[in-house]
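Chains as they are written, first to last, in my numbering: chain A, 1 to 74; chain B, 1 to 280.
FYI, nobody ran anything at the bench for these hints, they're computed from the structure. Only true hints are included.
Derived list of chain A stretches under chain B, where covered just means 3 residues or more per stretch with a C-beta under 8 Å from a C-beta of chain B:
(1) 16 to 29
(2) 32 to 39
(3) 53 to 64
All residues carry an ideal CB built from backbone N, CA and C; glycine is no exception.
The residues making up each chain are set out below.
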Amino acid sequence: MIESLTEIFQDVFEDDEMDVTRELSAQDVPAWDSLMHVNLILAIERKFEIRFSSSEVSSLKNAGDLIDLIETKS
Amino acid sequence: LSSPLVEGFINTVSEQYPQYAIGVQESYQKSPERFTAIASKYLTWLGATQNGAVDRALKAYVDFTSSVNFSQARYEHDGHYENKSFTEVYESHYSKREEMDDYLWGVYLTNFLWSHHLDIAPGHGGWGVWALEQKKNATLTGYDISPSSIAIATEIARAAKVDDRSEYTERDALDLFSLDPEIADAVICSFLIEHLEQPDKLLHVINQLLKPGGTAFLTGALTAAQVDHIYEFSKESELFILAEDADLRVIESLSVNPERLLAKAKFTPKSMALILKKPT
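With the rest of the complex left out, here is chain A:
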């Protein structure tokens, strides 16, 4: 899961060095604003063939919350 997510994060944020951990949050990534968040979520939807509602993803605190949410959908 982390490996797949790392690929998506690196692609969306255009940063090949990006290292994704469960603790990674928007406070660690200056470009991770509400619009980049949508890009990220849409990329995850495509990769995992799942669909989120906007309220499910609006207040995720970090990558760990995101992973947990993906696992409930898979």
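Guided by the hints, dock chain B onto chain A, whose structure is given.
Relative to the frame of chain A, chain B by itself:
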């Protein structure tokens, strides 16, 4: 920051919802004095409504912004708004009271958190209350089709201590044709027009309600998707033409858009405000 209330609020956004902090900082930096003036009033009124109101509204704001961003992303992909009729929107959103309450509290905060948003009307009622604060002898009658709007606008007016000069009634804007004509010195109508199937009727209602020489403040959204936006305006001139066709003169206009857009965006979501005058 000169207001501890506003400073505390911004800090809460940064700590609890960091993805939304950049936009809030952007709005603040654009005009710190204006942001602080509006935010301190709005947060004071909000805090006076009920315990936990600020936290609830902030979560509602985050959900609303997320929903708007998703709608815009799907609009980019599909090339059209999600819903085409009032019935569709009513069944999926307007008829759900709790969803509408949260929606309106979220929109209430966009009045200062979105630097491009010019909302000043019923719905949540905030800007109508603002107008009453400026015009001490004025009275306000607000009409909205949503029970949530009536309840929230009444609550805000009470918190701002202008409830003795304001009155809110549940009614469809297009039913206002049946009111006596020429009863209003001014009309505020904010971000309603894009929710209608036949927006031209709204301009005719405004004309009918205004006294000769009266002024209207109208705002609308262009190429800006939301789950309940039906009529897709794509050019500023469309709103000018609707106003002129209803025999209203455009005195001033302003069209603004957010500085940050979705990646590779084809559409730029815009908010437009018009000041209209009815000829004498």
